[in-house]
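With the hints as extra help, turn the sequences into a complete structure.
These are the residues of each chain, in order.
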Amino acid sequence: MAAAEPKGHGQHSGMWIYPDAKVISQDVSEKSKDMAKPFRTALVVTGILFILAIVGFIARAADDGFDEIGPWGYYTALFSMLFMVTSGAPLAACAFRFTKSHWRRPLSRVAELFSIVSILNLLMFIPMMIVLPSLENPAGSVEGQMELRRSIWFEGPIGAPHAWNLAGVAFLTITSIAILWTSAIADMGEARHSATGLKGWLYRKLAGGWYGTKRQWNVQKAGLALLGAFYFMIVVFMHFTISSDYAQSLIPGWKDSIFPVLYTVTAFQASLGAILVTLFILRRWGGYEGYIGKSTFWSASKVLLGLTLLWVYHLFAFFITFWYGRLEVEQNIIKYLIVDTYSVIFLLNLAFSFVLPFAVLVWNPVRRSDWGPSLAGLLALIGGLMFNIRIFVGSANAAPGENIYHFLLHKVPAPVYPDIWDLFIVVGGLGAAVFIYLVSTRILPILSIWEVKEGTFYQKWGKLHRGEYQILGKPE
Amino acid sequence: MQEGKPLQSKQINRELLLTILNSPKWFFTTVSVLGIIVMVAMGAAGYMINQGFGVTGLNRPVMWGFFITNFVFWIGISHAGVMLSAILRLSKAEWRRPATRAAEILTVFSLMTAMTMPLIHTGRPWRTVYWIYTLPFVPYDYARGIWPNVRTPLVWDPSAVYTYLTSSILFVVVALIPDFAVLRDRTTGMSHRIYGLLAMGWQGNARQWKLQIIAGVLLSALILPVFVSVHSIVSWDFGMAVSVKSWHSTVFAPYFVVGAVHSGVSAVAFVLILLRYVYGWQNYIRHEHIDALARLLVVVATGWFYFLVMEILFGFYGREADEIAVRDYQFMVSPWNIWMMIFVGVTYFLPVAIWLSRSARRNLWIMSLACISVNIGMWLERFLIIVPGLARKQLLTFDWYTYTPSAVEWIIVGGTFAMVTMLMLVIARVVPLIPLYDIKEGEILRTEIKIGRVTVPAVFRED
Amino acid sequence: MAKKPILGLFETADNAADAGDALKSAGVAPTDFDFLTDAPYPEGAFGEREENHRLYIFPFVGALIGLTVGIMLTSMTQMAYPLVQGGKPILSMPPMAVVTYESTMLTAIVFTIIGIIFESRLPAFKEGLYDTRITEGYIGVLVNVDEEQLTSTQTLLTQAGAIDVVRKDGGSGA
Chain R
0 MAAAEPKGHG
10 QHSGMWIYPD
20 AKVISQDVSE
30 KSKDMAKPFR
40 TALVVTGILF
50 ILAIVGFIAR
60 AADDGFDEIG
70 PWGYYTALFS
80 MLFMVTSGAP
90 LAACAFRFTK
100 SHWRRPLSRV
110 AELFSIVSIL
120 NLLMFIPMMI
130 VLPSLENPAG
140 SVEGQMELRR
150 SIWFEGPIGA
160 PHAWNLAGVA
170 FLTITSIAIL
180 WTSAIADMGE
190 ARHSATGLKG
200 WLYRKLAGGW
210 YGTKRQWNVQ
220 KAGLALLGAF
230 YFMIVVFMHF
240 TISSDYAQSL
250 IPGWKDSIFP
260 VLYTVTAFQA
270 SLGAILVTLF
280 ILRRWGGYEG
290 YIGKSTFWSA
300 SKVLLGLTLL
310 WVYHLFAFFI
320 TFWYGRLEVE
330 QNIIKYLIVD
340 TYSVIFLLNL
350 AFSFVLPFAV
360 LVWNPVRRSD
370 WGPSLAGLLA
380 LIGGLMFNIR
390 IFVGSANAAP
400 GENIYHFLLH
410 KVPAPVYPDI
420 WDLFIVVGGL
430 GAAVFIYLVS
440 TRILPILSIW
450 EVKEGTFYQK
460 WGKLHRGEYQ
470 ILGKPE
Chain P
0 MQEGKPLQSK
10 QINRELLLTI
20 LNSPKWFFTT
30 VSVLGIIVMV
40 AMGAAGYMIN
50 QGFGVTGLNR
60 PVMWGFFITN
70 FVFWIGISHA
80 GVMLSAILRL
90 SKAEWRRPAT
100 RAAEILTVFS
110 LMTAMTMPLI
120 HTGRPWRTVY
130 WIYTLPFVPY
140 DYARGIWPNV
150 RTPLVWDPSA
160 VYTYLTSSIL
170 FVVVALIPDF
180 AVLRDRTTGM
190 SHRIYGLLAM
200 GWQGNARQWK
210 LQIIAGVLLS
220 ALILPVFVSV
230 HSIVSWDFGM
240 AVSVKSWHST
250 VFAPYFVVGA
260 VHSGVSAVAF
270 VLILLRYVYG
280 WQNYIRHEHI
290 DALARLLVVV
300 ATGWFYFLVM
310 EILFGFYGRE
320 ADEIAVRDYQ
330 FMVSPWNIWM
340 MIFVGVTYFL
350 PVAIWLSRSA
360 RRNLWIMSLA
370 CISVNIGMWL
380 ERFLIIVPGL
390 ARKQLLTFDW
400 YTYTPSAVEW
410 IIVGGTFAMV
420 TMLMLVIARV
430 VPLIPLYDIK
440 EGEILRTEIK
450 IGRVTVPAVF
460 RED
Chain U
0 MAKKPILGLF
10 ETADNAADAG
20 DALKSAGVAP
30 TDFDFLTDAP
40 YPEGAFGERE
50 ENHRLYIFPF
60 VGALIGLTVG
70 IMLTSMTQMA
80 YPLVQGGKPI
90 LSMPPMAVVT
100 YESTMLTAIV
110 FTIIGIIFES
120 RLPAFKEGLY
130 DTRITEGYIG
140 VLVNVDEEQL
150 TSTQTLLTQA
160 GAIDVVRKDG
170 GSGA
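Residue numbers (numbering that gives the first Met the number 0), protein chains in the order written: chain R, 0 to 475; chain P, 0 to 462; chain U, 0 to 173.
Source of the hints: derived by calculation from the structure; they are not laboratory data.
With the C-beta cut set under 7 Å, the calculated list includes, among others, these residues of chain P facing chain U:
#1 212
#2 221
#3 443
Ideal placement from N, C-alpha and C gives every residue a C-beta, glycine not left out.
See the structure below:
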């Protein structure tokens, strides 16, 4: 049996799981091979969506080409959504490892597996490089227009922004996969002799030298810490560049120092939401209830509540600064992105990124359940999608053609609604991401076996006088 | 963690109540000296109010200088209390135990000190009374037909600061009830009566302790949003202005908040090191606590640095001549560029370089230097935001000038540091600066886990 | 008959817990005895009764009051002095939101404090039986029993390991 009955004290009863370290490897290995009907159905459905996404992409390219960014607004929004989730999720694993929390153990691999989906990001980014308007005004020096449009690259050093952004997205992908490999090496090493076929070959190639010596564990720990710190810096940098180049830079006069921060917070919120939804599915239908206790949801829900509040805080900081000064360009941007053109999407964004998750997470009993934080996570994911559509569709269509080289946004543009290819791209693209994630769960175990086993050393259930409580070891 | 040896209640009471039940010889001398400095500062303020603002370095266009810098600085220091007390309580970090009370009390006194700055900065402080003398009567200035701007951040500011001050005071007082009970039981005469009144009949039964624990968590959760809002609103005193070019930046709110946490937590770390040295609290303020604070500070400092880069980068991003003029003044004109380099160096690079080394984190002299360096840097940060922006204020380019603080301003600012130190010392004679029951609770929950041959420290946890 | 208090002082938590068990076995109701400590023990550490409270109502009520006051104060002030400032509307929502938020939080916190003090059954200046050694680390077991049971209760506490037993009439012993 994977775990004894869940334990807990008082109102926290049933929250802690104490897996049996002796059976984890075998149990999880069997679950990884299992292709139950719901899983196969999910693979088929998401596979079809993947194909739809490709159809949508080809049709969009055939219809509009790659000359203007306007028709690619929804594509950019989808890229950004996937980028947010896949870049933020491995960071969650690193961050919670850094804080030495024990509740993160079942969450680590679930989060790190999103790095495989980030390969899709890299491929998706290539057309985005092509459609991005050049920094230099092709018309040269024209009255009423800038010779060089505003960007974070200023005078536009060699390769900016395309090469730098591509290099950044590539680095991000490589680093997140490196984190995944470093984390999974112990599990692959353990399973390399029992795994067969392609999986066995892969494990032997990637973890052939792993024997679990003290030195190897120490190097792994140091590696994860260093990669985590490095990854954190790249993630924040890339959020800054992508949000600036594909959003802020494309609306003339939008000078907003908090936007990269808001983008990053939205990314963290959405990625944590995705992790919680995945954990819920695993616990309820995946047979992992012996490994994923409610305590993980309880602790992660506090982080999600914090991120939700941070989101609305950063949004308000942006809004009130723009609102107060009554500068024409700032008023136009507020009208465009918030109160007028994209007001419906904004309200949906506000509802799903703040109001609804906050309403769910503010109740302690709901946060103690598994469904509560997961529901809030799902709402945050929808909110993140609304955010990306509002911002990136808005930015792509704010100043078409030569208007992008104007100094300021003088007119509030009209909204751009999705057509059938945009729907194929967005819905299909999300399905494609899920498809790749599902496939990756067959390659690597979705539970970080070594981390959960390590947790069994440090988490016990013990007696203090007449009461029974959780005992948490603090090795450092 | 948990490097210290187990402590008994009697020992904890004796050592932590030392500051209250005994009078060290240095105490009265130190407080007297600080009191003299405070009185000199008050005299300088009185002189300034009598003679007018001409005795300061303030003049068009730099209307805000040392006083407002100092105001923002002390509001920033006040953020340590909630950061350590609330956030660490919510995340159940064991190492918060000795730090929370000192941080909360520092919050209260630094807020009170901060509030004196805009008061004297009005030049005619009695007019503030007319302005706030309100419901149900009409404020004086309104009655004379002068309608102030009620939508301004200068109205949001006092609402936020008063909320934070009231909340912090109430938080400290409620958390002090069990310690007042200990003092009630250890004193006689008038002290016993006063502590008895403050303890409100506390017995220490299960219900009372349960409510105390819940109070700590619930108040922490309620004060956290207030803490974020306070320094955001202070930042909006600057951020809302469109005529001061380097101020109108959307990132000011989180930038100021993280900067406040940076300076506040550094200040608390320094205060803890001082307390350990002065009162001999090696059993309570251990190297592990300072180590943990330093590691937290690395994260906070890096976050702060990110916001600094955002602020500066987007200042240049707009490529507007008027903003470039300010940035040029900050980065290219002496002595401002030298101050900028010093500021970034002492606020981030020097302390973080120190904090990345385990041996340096555990060396209390080096840690003290790092923490002081951060606070010098953070004071400079506020100064370098306020003054260069005003010195290059648009559209009054014919008024561009510089700012040199006068002796009066130096004395008043110096007086605020003396005031906070003096108040901290005085309060240490009245309440324990380390919460007794928190330390005792840490001892109760302390346990061990055996893994093979090694014994790992552990804690009991209810949730 | 009115119940009388008796207080046993114990050196260790285990002894105090033993006393609690003995009292329960002797038929003393859980609502009739309390454990007095100088530090919080985890809930249930002595096998004591669960304490219910309704503290969470206080911040909600406070927040609602604060929200109402904040909205009234800001909106009525703006409407009373209808001066267009900086091109902003007379009823400007964002500044209202800031001040209303602060008043909401302030009142929520003030009411929470009131709630904490009230739910802790403080102030309780007419204290029951108490001993200053509790804040020295001793654990007090405060029992309320009928007068005729005082002696048997004293014996029970002593047998459980009490180093001293204090009665309201000034008597003590172990």
